[in-house]
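Sequence order for the protein chains is C and W. The first sequence begins at 1 in our numbering and counts up one residue at a time. The second sequence begins at 1 in our numbering and counts up one residue at a time.
Be aware that a few hints might be false.
The calculated DSSO-like cross-link candidates involving lysine-lysine, where the alpha carbons are at most 30 angstroms apart (straight line), are [stated by the list, open to error]:
# : chain 1 : residue 1 : chain 2 : residue 2
1 : C       : K70       : C       : K34
2 : C       : K34       : W       : K32
3 : W       : K12       : W       : K136
4 : C       : K83       : W       : K125
Don't read these hints as lab results, they were simulated from the structure.
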Amino acid sequence: MQVQHDKEGVFHIISIDGEVDASSSIILDNALEKALTTPTKHLLIDCSRLSYISSPGIGVFTSRIEDCEKVGTKLVLFGVSDKVYNVFRLLGLDQLIQIVKTKEEAKNLAA
Amino acid sequence: MMNRTIQVPCEKNNLRQIRSFVAERLQDFAVKPADADMLVLAIDEVCANVMEHEQAWNPNANLELSIWVENGRLVFEVQDYAPDCFFDPANYKCPNIQQIVHEKRNGGMGLIIVQSVMDAISTEKRGCYNVYKFYKNI
């Protein structure tokens, strides 16, 4: 699994490529840590190449939702496949994390 | 005919091999892809739990997973050598997801997934082995 950081205007975008499970969630965790230690109000997660996620990967987000809200960082996921979305939905996290289809929608929501 | 059992050392990197094994077995049983995805996820969660909490990711310890169909149900059997510990996933009271978020936790969701996906769970101590069975109606 690999992650990539990009800046597009005010938006910090983390792109995930591959599978996030117990062995690789630390990579995603470090990526979010890095993004949140540099002040960013608009954090987008590109999941279009995320092929699988299990609970350690989901945990990277659950452990940071409150911190994002506290410092005013808008966190939005986009490009999520049905397979991955079903995991968020099963856990009820589709109600607690903003998930949209496209990057444009994500930017509009996070702006 | 594909082997119905896989045995792997309790290392994180072997979870992918387990997922591949489960996915291939479910194809043999013509399980619908969307259902298969959730079953692969649930077994990944089970195996990761056993490897972490019973074996502390010990590469010298093994986990064995078997899959078969019995009386119209898929049966997933997970066993490991664990003389000193026993966990009961069937009766584990999962935390609320809002509680997890509020407490900024990154764990505690695996068994929510397992309990949601599976139709029944049984546990057994067989000598020094813990044997967990997960059932899914098909």
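Evaluation of the provided hints:
Distance restraint check for C:K70 and C:K34: the Cα-Cα separation of roughly 17 angstroms lies within the 30 angstroms cut-off, and the hinted pair is therefore satisfied. Annotation: proposed proximity of C:K34 to W:K32 is violated, straight-line Cα distance about 39 angstroms (limit 30 angstroms). The hinted pair formed by W:K12 and W:K136 meets the criterion: a straight-line CA distance of about 25 angstroms does not exceed 30 angstroms. A C-alpha spacing of about 35 angstroms is found between C:K83 and W:K125, which places the hinted pair above 30 angstroms, so the restraint is violated.
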